[in-house]
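With chain Z fixed as given, assemble chain H onto it according to the hints.
Number of protein chains: 2
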Amino acid sequence: MKRNVLIIGAGGVAQVVAHKCAQNNDILGDLHIASRTISKCEAIIDSVRAKNAMKVPGLFEAHAVDAMEPSAVAALIRQTGAQIVINVGSAFVNMSVLSACIETGAAYMDTAIHEDPTKICEAPPWYGNYEWKRREECRSAGVTAILGVGFDPGVVNAYARLAEDEFLDTIDSIDIVDINAGSHGRWFATNFDPEINFREFTGTVWSWQQGAWQSNKMFEVGREWDLPVVGTQKAYMTGHDEVHSLSARYPQADVRFWMGFGDHYINVFTVLKNLGLLSEQPVTTAEGLEVVPLKVVKAVLPDPSSLAPDYTGKTCIGDLVKGTKNGKPAEVFLYNVADHKDAYNEVGSQGISYTAGVPPVAAAILIARGDWDIGHMVNVEELPVRGFLELLGEMGLPSRVRDAEGDRPI
Amino acid sequence: MKRNVLIIGAGGVAQVVAHKCAQNNDILGDLHIASRTISKCEAIIDSVRAKNAMKVPGLFEAHAVDAMEPSAVAALIRQTGAQIVINVGSAFVNMSVLSACIETGAAYMDTAIHEDPTKICEAPPWYGNYEWKRREECRSAGVTAILGVGFDPGVVNAYARLAEDEFLDTIDSIDIVDINAGSHGRWFATNFDPEINFREFTGTVWSWQQGAWQSNKMFEVGREWDLPVVGTQKAYMTGHDEVHSLSARYPQADVRFWMGFGDHYINVFTVLKNLGLLSEQPVTTAEGLEVVPLKVVKAVLPDPSSLAPDYTGKTCIGDLVKGTKNGKPAEVFLYNVADHKDAYNEVGSQGISYTAGVPPVAAAILIARGDWDIGHMVNVEELPVRGFLELLGEMGLPSRVRDAEGDRPI
Numbered sequence: 001m002k003r004n005v006l007i008i009g010a011g012g013v014a015q016v017v018a019h020k021c022a023q024n025n026d027i028l029g030d031l032h033i034a035s036r037t038i039s040k041c042e043a044i045i046d047s048v049r050a051k052n053a054m055k056v057p058g059l060f061e062a063h064a065v066d067a068m069e070p071s072a073v074a075a076l077i078r079q080t081g082a083q084i085v086i087n088v089g090s091a092f093v094n095m096s097v098l099s100a101c102i103e104t105g106a107a108y109m110d111t112a113i114h115e116d117p118t119k120i121c122e123a124p125p126w127y128g129n130y131e132w133k134r135r136e137e138c139r140s141a142g143v144t145a146i147l148g149v150g151f152d153p154g155v156v157n158a159y160a161r162l163a164e165d166e167f168l169d170t171i172d173s174i175d176i177v178d179i180n181a182g183s184h185g186r187w188f189a190t191n192f193d194p195e196i197n198f199r200e201f202t203g204t205v206w207s208w209q210q211g212a213w214q215s216n217k218m219f220e221v222g223r224e225w226d227l228p229v230v231g232t233q234k235a236y237m238t239g240h241d242e243v244h245s246l247s248a249r250y251p252q253a254d255v256r257f258w259m260g261f262g263d264h265y266i267n268v269f270t271v272l273k274n275l276g277l278l279s280e281q282p283v284t285t286a287e288g289l290e291v292v293p294l295k296v297v298k299a300v301l302p303d304p305s306s307l308a309p310d311y312t313g314k315t316c317i318g319d320l321v322k323g324t325k326n327g328k329p330a331e332v333f334l335y336n337v338a339d340h341k342d343a344y345n346e347v348g349s350q351g352i353s354y355t356a357g358v359p360p361v362a363a364a365i366l367i368a369r370g371d372w373d374i375g376h377m378v379n380v381e382e383l384p385v386r387g388f389l390e391l392l393g394e395m396g397l398p399s400r401v402r403d404a405e406g407d408r409p410i
Numbered sequence: 001m002k003r004n005v006l007i008i009g010a011g012g013v014a015q016v017v018a019h020k021c022a023q024n025n026d027i028l029g030d031l032h033i034a035s036r037t038i039s040k041c042e043a044i045i046d047s048v049r050a051k052n053a054m055k056v057p058g059l060f061e062a063h064a065v066d067a068m069e070p071s072a073v074a075a076l077i078r079q080t081g082a083q084i085v086i087n088v089g090s091a092f093v094n095m096s097v098l099s100a101c102i103e104t105g106a107a108y109m110d111t112a113i114h115e116d117p118t119k120i121c122e123a124p125p126w127y128g129n130y131e132w133k134r135r136e137e138c139r140s141a142g143v144t145a146i147l148g149v150g151f152d153p154g155v156v157n158a159y160a161r162l163a164e165d166e167f168l169d170t171i172d173s174i175d176i177v178d179i180n181a182g183s184h185g186r187w188f189a190t191n192f193d194p195e196i197n198f199r200e201f202t203g204t205v206w207s208w209q210q211g212a213w214q215s216n217k218m219f220e221v222g223r224e225w226d227l228p229v230v231g232t233q234k235a236y237m238t239g240h241d242e243v244h245s246l247s248a249r250y251p252q253a254d255v256r257f258w259m260g261f262g263d264h265y266i267n268v269f270t271v272l273k274n275l276g277l278l279s280e281q282p283v284t285t286a287e288g289l290e291v292v293p294l295k296v297v298k299a300v301l302p303d304p305s306s307l308a309p310d311y312t313g314k315t316c317i318g319d320l321v322k323g324t325k326n327g328k329p330a331e332v333f334l335y336n337v338a339d340h341k342d343a344y345n346e347v348g349s350q351g352i353s354y355t356a357g358v359p360p361v362a363a364a365i366l367i368a369r370g371d372w373d374i375g376h377m378v379n380v381e382e383l384p385v386r387g388f389l390e391l392l393g394e395m396g397l398p399s400r401v402r403d404a405e406g407d408r409p410i
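First to last, the sequence lines map onto chains Z and H. Heads up, the first sequence is in full-length UniProt numbering, so the first residue is 1 and it goes up one at a time. Heads up, the second sequence is in full-length UniProt numbering, so the first residue is 1 and it goes up one at a time.
Looking at chain Z on its own, in the form it has when it is part of the complex:
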């Protein structure tokens, strides 16, 4: 039974987390949000106030913190009395925020794997490089740490576990498919920080197949998927955090992640990449100025947070899990469909931030209730997931299943 939440970060996902915490502050208690720039935190609290999102009267305070500094984060945890920390800051701060939680006993959550700012596209085993090295430390301290509890990773890990628990006897393959069939109306834009977005696709594509890591190039392996609501969509195999943790739990299964890309996105990406404009390595102009091309590309692209008001259409993210049931081949597709405009109307963010930001708040509620306050470090598929998915349904992210018996709520 824990109370009082500290949100680390003040980007698009943090905005969703803030609104959803406010909508559940009767259970969650005092709310705090902290980032390097306090004005961004204040703007998020203003938007919460503007929507009258607080369920009951309560505290919501903004703080400035350098989240790379464990002692600063620990001091803030003590000062605020937060027992639950939702880390949706940059991927570089996971380890420092986790240290602060271990030091203070607060529960820890994040939505993406840790990255070292000096290394680009590290090779698997990803969680093994940082997070999982601290499992024993969490266990001895009795600290609850739930890794990767956004949508993907997060809810898609829960879908795999639900397939194991309720739909299949054996699992042969897990294909996670992430389709954004929405439109932002711009000639070109990325849905989150262009630097992070492009970095994700400039390295090797890793998948787990035939019991081993397999490598491909980006856009080398693509196929069409026939999906509920969004219809036929082309998606390409790419590396993603959850391929690692799921392959650890289901080593016998092929685990692949597929992301949808339109031809237009691929064309722009290919031109920029082949010209060298996505490079992290500085170049020198004829005038002698040293510049990182990717940072210039970021500077000319639309600010992702500016896209939300005009965003229309839907996302569909789910797991196609194949295996056997009662000795016969069987498959199940577990999925959610979210609407960009609905998300904007509710919390002022587009659908991609919404799907990432609601799950850690559902997890926080489960920790507050005691259901998920397990006192050690886990990935989502290691937890009982039905309650989590049902709570998500109540909070705006309903899950459905499509299999031989039809398409229905889970």
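One thing to keep in mind: the hints can contain errors.
As the list makes no split between identical chains, a pair holds if one copy fits it or if it spans any two.
Straight-line C-alpha distance at most 20 Å; calculated EDC-like pairs for lysine to aspartate or glutamate [claimed, not checked]:
#	residue 1	residue 2
1	Lys295	Glu280
2	Lys273	Asp263
3	Lys328	Glu164
4	Lys217	Asp178
Hints were generated in silico from the structure; no laboratory data involved. Given the structure is predicted, the values throughout are model-derived calculations rather than measurements.
What follows is chain H alone, placed relative to chain Z:
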């Protein structure tokens, strides 16, 4: 009768000019080359020596000069005793070099229109903005100034005049077509300075039709051309210097310029332009660095001078001139085909630099002989052109004609 040549500039075209002057130094006398960076001039002279290009023993000297400074150029003209100046420097130095020629009495030539570095894509009348304002000054000083005597503008202006002199009684249209059917083997590269190359296509497309300036967007008007040697090629209407001077001499005719672009070039150009990466206006990165995107694009693209050794294939540049002959409709296509590899073997440059660099040397020879030492300012179509075109044929740029009577040398 003039002697001794001063070349201004040390880029790819200057390299061709230097080699061709050397091959004709019995007529041209002492040779000098000057640019801001003397080492570039020395490298060009080294390549001339390496090819044993000097026809007779003679002087070839390198100099450093700030060509934006008329007095510095005038001092160099006096110091070297040059009576002929071939300006193949940047488009920003035309007026300062012309001033130095007027001051010293030296003959002046260039291969492209003057540009003000602070203005991008000026509207017509282009020659009227700078060069033609100084016609009277040249006439009173008795200075020979031949504007735009490269290939296009230059030889294509001569083709229009040859059509007038020898093939047609009236001229209804002049379509200049510039096709580079060569291949540099890179994923993408521009054939000359990317900054200049892209600037040429980011503004309005101007043409002279129905007795007036007409405007279009880039890549708005395209058509296929069936051309000798290079075959069927798609080219797009674009603005170009010679549309202005030819429309002044042939105001009743439609005058259009067409440049060949492959789909790949257009795609890369479109992506870069729509993202804002071809902008001359600085942007500020998230880290606070102020950068001109176009200069970063230039920094990541291959250096155009590095393309020459691998360049293969041919260029075809010519004029389709339509009108009447003996009261009946008639048309003639006057053209040259050049080969990239032949150009590289002879002078160490690719074919595009070659076609631009040979004509001003032919003009210099005609000035040295007295044929074109006319003592005032002209564009090429105002001169007698048969001798010029025949000399170009002897120097490596043969002209041919294709009309109802077949395809043959002019």
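Verification of the hints:
no., hint, in the structure
1, Lys295 / Glu280, "both (8 Å within a copy, 17 Å between copies)"
2, Lys273 / Asp263, "both (15 Å within a copy, 18 Å between copies)"
3, Lys328 / Glu164, "within (15 Å within a copy, 86 Å between copies)"
4, Lys217 / Asp178, "within (18 Å within a copy, 39 Å between copies)"
Checked against the numbered hints listed earlier, the structure breaks none of them; every hint is satisfied.
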